[in-house]
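J.: Sequence:
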Amino acid sequence: MSISGSMKITLELSQNFPHIKVVSLSFINPPDISYALKPVGGNTFGIDIMSLIPGLSSFVNNMIHSNIGPMFYAPNSFDINVEELLEGWAATAVGVLAVTVKHAETAREFENCYVSYCAENNTVSTFKTNMKETTKNPVFNETKYLLVTSLDQKLKFGYHSFNDKEHKLIGESFFKLSDLEQGATRTNVSSKILDGSKRIGNLVYDLRWFPVLQGETQEDGTSLPPPDSDVGILKLVLHSGQQFDDSKSMIGKLSTYAEVYLDDKFISKSRLIKGSSEPTYNLSLEQLVTSKATSVLTVLIKDTSSYDITTIAKFSAPLQDVILRVSDQSDMFQTSPQGKIRLTTVWKPVSLSDDVIGPTFVPPIGTARLHIRKCENIKDMDLLSTANPYVKVTLSGRERFRTAVKKETQNPYYDEIVYLPVTSESQKLTIDVLDFKKASSNKILGSTTIQLGKYMKSDKEGRYNIYEGSTEIRSKDITYKGKDVRARRDKRKGEQT
Numbered sequence: 007m008s009i010s011g012s013m014k015i016t017l018e019l020s021q022n023f024p025h026i027k028v029v030s031l032s033f034i035n036p037p038d039i040s041y042a043l044k045p046v047g048g049n050t051f052g053i054d055i056m057s058l059i060p061g062l063s064s065f066v067n068n069m070i071h072s073n074i075g076p077m078f079y080a081p082n083s084f085d086i087n088v089e090e091l092l093e094g095w096a097a098t099a100v101g102v103l104a105v106t107v108k109h110a111e112t113a114r115e116f117e118n119c120y121v122s123y124c125a126e127n128n129t130v131s132t133f134k135t136n137m138k139e140t141t142k143n144p145v146f147n148e149t150k151y152l153l154v155t156s157l158d159q160k161l162k163f164g165y166h167s168f169n170d171k172e173h174k175l176i177g178e179s180f181f182k183l184s185d186l187e188q189g190a191t192r193t194n195v196s197s198k199i200l201d202g203s204k205r206i207g208n209l210v211y212d213l214r215w216f217p218v219l220q221g222e223t224q225e226d227g228t229s230l231p232p233p234d235s236d237v238g239i240l241k242l243v244l245h246s247g248q249q250f251d252d253s254k255s256m257i258g259k260l261s262t263y264a265e266v267y268l269d270d271k272f273i274s275k276s277r278l279i280k281g282s283s284e285p286t287y288n289l290s291l292e293q294l295v296t297s298k299a300t301s302v303l304t305v306l307i308k309d310t311s312s313y314d315i316t317t318i319a320k321f322s323a324p325l326q327d328v329i330l331r332v333s334d335q336s337d338m339f340q341t342s343p344q345g346k347i348r349l350t351t352v353w354k355p356v357s358l359s360d361d362v363i364g365p366t367f368v369p370p371i372g373t374a375r376l377h378i379r380k381c382e383n384i385k386d387m388d389l390l391s392t393a394n395p396y397v398k399v400t401l402s403g404r405e406r407f408r409t410a411v412k413k414e415t416q417n418p419y420y421d422e423i424v425y426l427p428v429t430s431e432s433q434k435l436t437i438d439v440l441d442f443k444k445a446s447s448n449k450i451l452g453s454t455t456i457q458l459g460k461y462m463k464s465d466k467e468g469r470y471n472i473y474e475g476s477t478e479i480r481s482k483d484i485t486y487k488g489k490d491v492r493a494r495r496d497k498r499k500g501e502q503t
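For the record, in the sequence shown the residue sitting at position 101 is 107 according to our numbering, with numbers rising by one throughout.
Read the hints as simulated data drawn from the structure, not as lab findings. Treat the hints with caution; some may be incorrect.
Each computed DSBU-like pair below joins lysine-lysine, with the alpha-carbon atoms no more than 30 Å apart [what the hints assert, rightly or not]:
1. K271 / K241
2. K134 / K275
3. K198 / K162
4. K346 / K460
5. K171 / K150
6. K150 / K108
7. K271 / K171
8. K108 / K134
9. K174 / K204
10. K259 / K174
11. K259 / K346
12. K412 / K444
13. K413 / K380
14. K346 / K466
15. K171 / K204
16. K280 / K27
17. K320 / K254
18. K241 / K182
19. K138 / K162
It should be emphasised that the depicted structure is a prediction, and the values quoted were computed from it without experimental measurement.
Throw the hints in and build the complete structure from the sequences for me.
T.: This is the structure:
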């Protein structure tokens, strides 16, 4: 078989490695497709069946063109998202595993014993308990949180002793993480501690599995965005830096590395980039965050080109503000006293219970009054019936309010008021319009967002001024998958949903 034709190849470039985001392939004209079908005799003595049966070749060609035309023929194109493919190959956390090591039972005493544990595929992130003095039955009762990239691996425990500045591995124990798919909580698990095939004792522990939250799947197969949460896994990539001050460098060029802190706690350090005033770090990390609303992200740029290691640039901001800016396609951040860094973030919400992380409370800085008046020209997603719309209000990933359901109308009138606690200028209010269904799950008709910081102004002393907007009636379009969802039969100018 051979295919010949003119193809248009379009590359969409990106700032991230490998700097190609999307490759689009499109035939300018339908290509010429030639082939031979010789089931017996091969190329030398075989008879081409396609030439023996009249009309078979043109029929097959038409079938090929009709199937691949909507994908490959102009103006259509076949798109390959290179960035998504690379992200799919990279191992990223799919959840958090809370491990509580309770105690161990051994046949004989060991001096200064402790337990280490890690996911089998990520031995870099290894946790250790405190040491216990010489005993057969050490009690630990310590809880740590592991980021797990896959449940298709084992949790590896090591039982150690420490004597005369030497750490000695006494035995190992394993737990299949795939067992957590049958039950997310396992209490008082007792595993054998083995030295090879010899049993030394038992290790007792609790496991609790918290997967990354996913959006609901609609009946039409589409997925909604995942619910937001103040607790989650932060994936951060520090790409590069630029415009740093190199005036104090002895050689006129900087040799820098970056340190990342969360709430003044050191998280990670990049490699050293020598002889560059515009370094590319490509530092990628993942970290469990128990309170996005109160956490502060800090990045220090340190230079080694002089006699001492000096901090030449610093960036510090509330984590919630950083995530919001990146979501708005703004990934360049100013450092002080001068310079810029480029970083991107991905927030993966996790629903950790209060008994695991403890209750968190963020004091509000004010209250927002939302008056939901009406919707206009809502498009029916179901062709067989008229929508029964209601409005759902979500703040910081939590549902705060629902209006009453209005039956069979495209122009529901609500006139309902809700008061919402505001804890940060970066908070975003999400308003969803849904179709109430008795016999099935409710369908989303459209959504819009309101950035609360737009209406929050403070004085020189940092005190927020009152915003009086009760007399200003505002309107916003609601969209579904980025498309306007107003009813097509009513396109009068000025009417918005």
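J.: Does each hint hold? Answer for all of them.
T.: Going down the list of hints, with the structure as the test:
1. For the suggested pair K271 and K241, the alpha carbons sit about 16 Å apart, so the restraint of at most 30 Å is met.
2. Our distance criterion of 30 Å between C-alpha atoms is met by K134 and K275, whose separation comes to about 21 Å.
3. With a CA separation close to 12 Å, the supplied pair K198 and K162 stays within the 30 Å bound.
4. Taking the CA atoms of K346 and K460, the gap is about 25 Å. The hint holds against a cut of 30 Å.
5. The suggested pairing of K171 with K150 holds, with an alpha-carbon distance near 25 Å, which does not exceed 30 Å.
6. Restraint check for K150 and K108: satisfied, since their Cα atoms lie roughly 12 Å apart, inside the 30 Å limit.
7. For a cut-off of 30 Å, the pair hint linking K271 to K171 stands: about 28 Å separates their Cα positions.
8. A hinted pair counts as satisfied when its Cα atoms are at most 30 Å apart, and K108 with K134 qualifies at roughly 13 Å.
9. At most 30 Å may separate the alpha-carbon atoms for a hinted pair to count; K174 and K204 meet this at roughly 16 Å.
10. Restraint check: the Cα-Cα separation between K259 and K174 comes to about 46 Å, which exceeds 30 Å; the hinted pair is violated.
11. Restraint check for K259 and K346: the C-alpha separation of about 17 Å stays at or below 30 Å, so the hint holds.
12. The straight-line distance between the Cα atoms of K412 and K444 is roughly 13 Å, inside the 30 Å bound, and the hint therefore holds.
13. Distance hint between K413 and K380 is fulfilled; the C-alpha atoms sit about 14 Å from each other, no more than 30 Å.
14. A hinted pair counts as satisfied when its Cα atoms are at most 30 Å apart, and K346 with K466 qualifies at roughly 27 Å.
15. Only pairs whose Cα atoms come within 30 Å are accepted, and K171 paired with K204 is accepted, the gap being roughly 26 Å.
16. Taking the CA atoms of K280 and K27, the gap is near 28 Å; set against the 30 Å cutoff, the hint holds.
17. Using a Cα cut-off of 30 Å, the hinted pair K320 and K254 holds, with the two alpha carbons roughly 16 Å apart.
18. Between K241 and K182 the alpha-carbon distance is near 26 Å, which keeps this suggested pair within the 30 Å criterion.
19. Between the alpha carbons of K138 and K162 the distance comes to roughly 20 Å, so the proposed pair stays at or under 30 Å and holds.
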